[in-house]
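Heads up, the sequence shown is in the working numbering, so the first residue is 203 and it goes up one at a time.
Calculated from the structure, these hints are not laboratory results. Treat the hints with caution; some may be incorrect.
Listed below are the simulated EDC-like cross-link pairs for lysine to aspartate or glutamate, each with C-alpha atoms no more than 20 Å apart in a straight line [stated by the list, open to error]:
hint	residue 1	residue 2
1	LYS251	ASP322
2	LYS404	ASP430
3	LYS251	ASP339
4	LYS404	ASP420
5	LYS404	ASP503
6	LYS404	ASP508
7	LYS404	ASP372
8	LYS404	ASP299
9	LYS251	ASP299
10	LYS251	GLU264
11	LYS404	ASP322
12	LYS404	ASP505
13	LYS251	ASP275
Each pair of labels, with its calculated beta carbon distance range [stated by the list, open to error]:
hint	residue 1	residue 2	range
14	ASP503	ARG342	25 to 31 Å
15	ASP283	ASP454	42 to 48 Å
16	ASP502	ARG292	19 to 25 Å
Backbone N, C-alpha and C fix where the C-beta goes; we use that ideal spot for every residue, glycine too.
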Amino acid sequence: MAEASPEPKKNRRSQASNLAASTAATASSGVAIVTDNHDYGVLVSGMVKATLGLAPVMLAYEHSDDLIALRPDLVVFVADDHGRWRSIAREFQDEFDMALAAESPTIDDAADAMRRGMVDLLVLDDSQRALARCVTDLVRRTRRQAEDEAPRPLALVPADMSHAQNGDMDLVTVRAEFGVLARLELDVESLLRTTLEYVLHKIGPTNAAVFLPTSGQDFTLGAYVNYDCPRDCVDMLLDHVAASVAPAIEADPSMRLHRGEEALDDLMGEHAAWLTGCEAVTFAAEHDGEMLAAVALFRDDRDPFDVRTMQRLGVISELLAQQLARIIRVHHRHVPIDQWGGSDEHGEDPPMAA
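From just these sequences and the hints, can you work out the full model?
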C-alpha cells in the first residue's frame, strides 16, 4: 500500500507559495496573452502596457493551464496555425473575458470566437495605430467592467455557506497553492494522494475517502486518510461508505454538511452507527456535468466543520475536477475508469495519504 506524508513535498509547497504571492498582485486585475508567436505577443503586450502601465503575463499555449491560478480580467489569444485557441477558449469561456487576435481572421474565426463568448476580435495586420486604439479600448472596457461588477465566485459552495468577503485572500491562496500542486500530478493515483494531503494541511486532521465511479454502477476506492478509526475496522467502514455514501453523492453532488443523528441516518441508512459521534461533509468533483469523483470527510463532532472549511473544500473540489478531466483527456481516453489506478505494482490497495 502506498503511503505518503500528510504534508505535500517541500519543493511543491515552495512553488505553490511563490505563485500565491504573485497571484495576490495579479488576481482579478491583469491581462494575460496566450501565444506561440513571440513577435505578435510582444506587439500586443506593449500596447497593453501602454494602457495599464503594467506588462501583461505572456503564456505559451502549452502553459495555458496557468490561467487557473492567475485569474486575469482579460485573456487575449493570438490565433495559432493549429487552431488550438478554439479548444482552450472553449475550456475557459465561463471563467474569463477573452478576445482573439488574428493576422487575417476569416468569417469562421469570427463565428468561432463569438460562440466561445469572446468580447472582441483584434486584426493584427491593421496599422499599429488602429490596433493600438482597439487594444486600448478593449483593456479599458474590461477594466471598467471588472471594477463595476462583483468578482467571480472563487469556490463552488452551497448558497447558504457562501459568506466569504469579496477579495478573500485566503481562498485566492488556496486556489493558487492547490492549483500548482494539482497540475504537477499527471496520474490519478498521485493526484488523489496530493489532494488529501493538501486537505489535511488546510482543514486539519480528518478521516477522508475518495471514490471513483466504475464503468458499471459501482464505486471503487481511489484514496483515503485514516485519522482516528481503529485499524481493524477501516476496511469494513470504507466498504459501507462506498455502498451508501458514494451513491448518495452521485444523487446529490453538491457540497453537504451532515450534522446530527438524523442527517447521518439519511446519509448512511442502516450503516449510520459506524459514524456515531461524528459529522460528515460530502461532495462530488464534477466536470461538464459528469461526476469524476465522490469525496467524503468525517471527524468527531467536537471538532466541527466550519464555514471556512467548506469554502476551502469548494475551491479544492473545483480544481480537483479540472485536473481529473485533464488527466482523462490526455492519458486515459480509452481506459475504463476502474482501471485508472496505474500499474500492477500497486496491487489492489488504494493509496493512503496518511
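So, going through the hints one by one against the coordinates:
no. : hint                          : in the structure
1   : LYS251 <-> ASP322             : 18 Å, holds
2   : LYS404 <-> ASP430             : 18 Å, holds
3   : LYS251 <-> ASP339             : 13 Å, holds
4   : LYS404 <-> ASP420             : 30 Å, violated
5   : LYS404 <-> ASP503             : 18 Å, holds
6   : LYS404 <-> ASP508             : 12 Å, holds
7   : LYS404 <-> ASP372             : 10 Å, holds
8   : LYS404 <-> ASP299             : 30 Å, violated
9   : LYS251 <-> ASP299             : 18 Å, holds
10  : LYS251 <-> GLU264             : 24 Å, violated
11  : LYS404 <-> ASP322             : 40 Å, violated
12  : LYS404 <-> ASP505             : 14 Å, holds
13  : LYS251 <-> ASP275             : 14 Å, holds
14  : ASP503 <-> ARG342: 25 to 31 Å : 52 Å, violated
15  : ASP283 <-> ASP454: 42 to 48 Å : 45 Å, holds
16  : ASP502 <-> ARG292: 19 to 25 Å : 44 Å, violated
Hint compliance for this structure: hints 4, 8, 10, 11, 14 and 16 are broken, all remaining hints hold.
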